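Listed below, chain by chain, are the residues.
Protein chains: 2
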Amino acid sequence: MAERFEIVTKAIDKMLEEKKYAALRDILLVMYPSDIAELFGDMEEDRIPLLFRLLPKELAAETFVEMEPDAQELLIRGFSDNELKEVVDELYVDDAADLVEEMPANVVKRILKQADPEMRKSINQILRYPENSAGSLMTTEYVSLRPDMTVEEAILRIRRQGVDKETIYTCYVIAKDRKLLGLVTVKDLLLAEDDETRIQDIMLTNLIYVNTQTDQEEVAKMLAKYNFLALPVVDGEERMVGIITFDDAMDVIEEETTEDMEIMAGMTPSEKTYLKSTPLDLFRHRIPWLMLLMVSATFTGMIISSFEDALKFLPALTAFIPMLMDTGGNCGSQSSVTVIRALSLDELKFGDLARVIWKEIRTAVLCGICLAAVCFGKILLVDRLLMGNESVSLLVDGVVCLTLAVTVVIAKLVGCSLPMLAKKLGFDPAVMASPFITTIVDALSLLVYFLFAKTLLGV
Amino acid sequence: MAERFEIVTKAIDKMLEEKKYAALRDILLVMYPSDIAELFGDMEEDRIPLLFRLLPKELAAETFVEMEPDAQELLIRGFSDNELKEVVDELYVDDAADLVEEMPANVVKRILKQADPEMRKSINQILRYPENSAGSLMTTEYVSLRPDMTVEEAILRIRRQGVDKETIYTCYVIAKDRKLLGLVTVKDLLLAEDDETRIQDIMLTNLIYVNTQTDQEEVAKMLAKYNFLALPVVDGEERMVGIITFDDAMDVIEEETTEDMEIMAGMTPSEKTYLKSTPLDLFRHRIPWLMLLMVSATFTGMIISSFEDALKFLPALTAFIPMLMDTGGNCGSQSSVTVIRALSLDELKFGDLARVIWKEIRTAVLCGICLAAVCFGKILLVDRLLMGNESVSLLVDGVVCLTLAVTVVIAKLVGCSLPMLAKKLGFDPAVMASPFITTIVDALSLLVYFLFAKTLLGV
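Same order as they appear, the protein sequences are chains A and B. Position 342 of the first sequence, counting from 1, maps to 329 under our numbering, and the rest follow consecutively. Position 132 of the second sequence, counting from 1, maps to 119 under our numbering, and the rest follow consecutively.
Hints are computed from structural coordinates only; laboratory data are not their basis. Any given hint could be a false lead.
Treat identical chains as interchangeable: a pair holds within one or across any two.
As the list claims (entries may be wrong) - Pairs of lysine to any residue, SDA-like flavour, derived with a Cα cap of 20 Å:
hint: 1; residue 1: 208; residue 2: 238
hint: 2; residue 1: 7; residue 2: 285
hint: 3; residue 1: 336; residue 2: 24
hint: 4; residue 1: 259; residue 2: 332
Bear in mind that the values here come from a model prediction, so they are computed numbers and not experimental data.
Kindly produce the complete structure, drawing on both the sequences and the hints.
Here it is, written out as structure tokens:
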């Protein structure tokens, strides 16, 4: 994907042809796992296994984790049982659980067969939690300490156990019944003045933790808010079961943002990247909302049909319909997107509804007056003077601009309140973005338009 | 803001009234800085200084950093010079620099006067870098090691210096000329088998670093991609000048995402939160695009005017205009938002344009056929049979559905290609989202509609 790999890719192609494997290995050794995975993503598939086998064990596992599921599957199918065991042994439990979730059943069977019994148990434990829950995101590999250990003993334990843990920098203090008592950071341990100090005397007991059932988005927000390296996860009996690290939170935030944007553009969220999605995938994610919104537009059509006589009498009115609809849609989108984002950042709660509405009304009046004034001048100048359209009288101009101003206010009200109502009712507020708001505002703006036309122009 | 603070707020109100300051302090002591700041945000302003003064020094500084700029300013104006010095002394340099950027000139003067000379120098250095650059985001407080130190000496140095550093877990190995040579983590140091090992023998030399001028979005993406705790920042001569930590990256990602969403909804990005924005602020950020798009709709109006005779002859055609425009707009938004997001995640580059277009054409044909088929049936059933609208003949139905199918293809083509072209030309692709795409697609769909109507219906 990235252009900066083009040179490397060409060099590797040449070395592969000339079978210079030692030199190839030297190149890969200085690269980072996520860069190697990206390189593999751009490569002809049959070359990946050969290159992958050149990587030393640890780098191979780290690269494997960063690869796309289809490339992972391809590799596993080509692995001997021994090779598979080597990779699986090096994986962290949460990555292994992710892998098992992504792979088809027969591949999963092989993976679980090669995992050692303890890892198999942990994988199965993680897989039991609902998708997108803290339990399914966590890893069970953390450093645990006892409250009566001394600082020296704690450091010794980290030195002995640390190599297999996802983070050693936050250590959790656990009672005999596995209840979470507190935490100490490696910084606390290193800066402790006396090596004989007991952990229970320096540990932080005012803990922030999540439950295995907590939604992953909530977890990510908490990590971002408190700037923690990791959050402890406890079960229903408050026993410590795992940790979630900040890098997983960053992935969750990226994933959830993409999902929000997709929903806001009227699509059902997809887990595949764009280039990996087939047209059929895209079609399936896009057609439901398109269909629903198209059918809803029937009402807009009915409104126009019922005012057919007015339009026949004064055809010039038709020319302003797109402008009125689009401006209304744009105004509504602005408000809805602003509110949806503020809701997702927890800057707004339902109790703020009145404040939001009052703020939007004043904003809408400002926007409405400004747009109507410019529109009035524009119609006068362009439609009447430049194009010489006699039927666009000053009164018609007035009706259009009055409708515009009223539409702006309606659009902003609908746009700001629907997402908040949706959230209150337990729906995803992102659904109440542009496409949905536009459809509603279209119908309302046409009704206002024809009402004003009937009343003021007598058509 | 958050409902969970309501109980605490009430308890605090009561204690303030009864002047139970010791109990108040005990409550605040078990809270996290970001929670206290959130609590202050919901409180009457005159209570904040009193509560703030109850906090111990370090917690006070940490809370101060998490507060909104206007609350910070209020506090500083109430501080004695001594109180101000106490807070400033506890701040990390990057937070102090952020503060100085946000405050009005007279407050800045007081802050800089209270800062010790070294911090003043560092603040001024950071402020010289362009806004949103790595230089302006970094902190100069990191642990630096010499290559010839032993592991034992390095740990000793961390113990001595660590208390004031933003992170101690990644330490940077610096040559005498301040060039960056490598890095070691505290994990490497703790897990090193021999205390006498030299740092140069265990340090990682294959470094990922950024320049002071690198854009903050780029920095955040790199931290997220490589899962680092911190990234080193070097100057034009490759000398180490600071680090950026993962928590700052998370803030940047949140900020940039909000900005993208605002641009995609046709607003100029704002730095204030929604509830802090006045209607005038909102108006200023929303009116430019509304105005531009409203005026652009003149073309759509002209297209309709020039086909006025056709509409007069067959008024039923008018009723389908909103449905055609909206469906086109929705189709275009779907493609543009998908492509904009993929571009911002670096999943797509300009070289993929042909692949993207080919994918979108196939998706559009699928969507187009599906929508047109349903639309044909719907018009037959609703408009002809239910509403008995005789003028909607099978041929009119056909023209509408043919237009619909062609519009879908055009919309998806415009939607996917404009963001990529914008990026290629150095513009922000997010500008090419719903509002802009909708305006273009509207005009094109009307042209297609009237062309088909003229050709096939002879109107």
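query = What are the numbers of the hints the structure violates, in ascending order?
reply = 2
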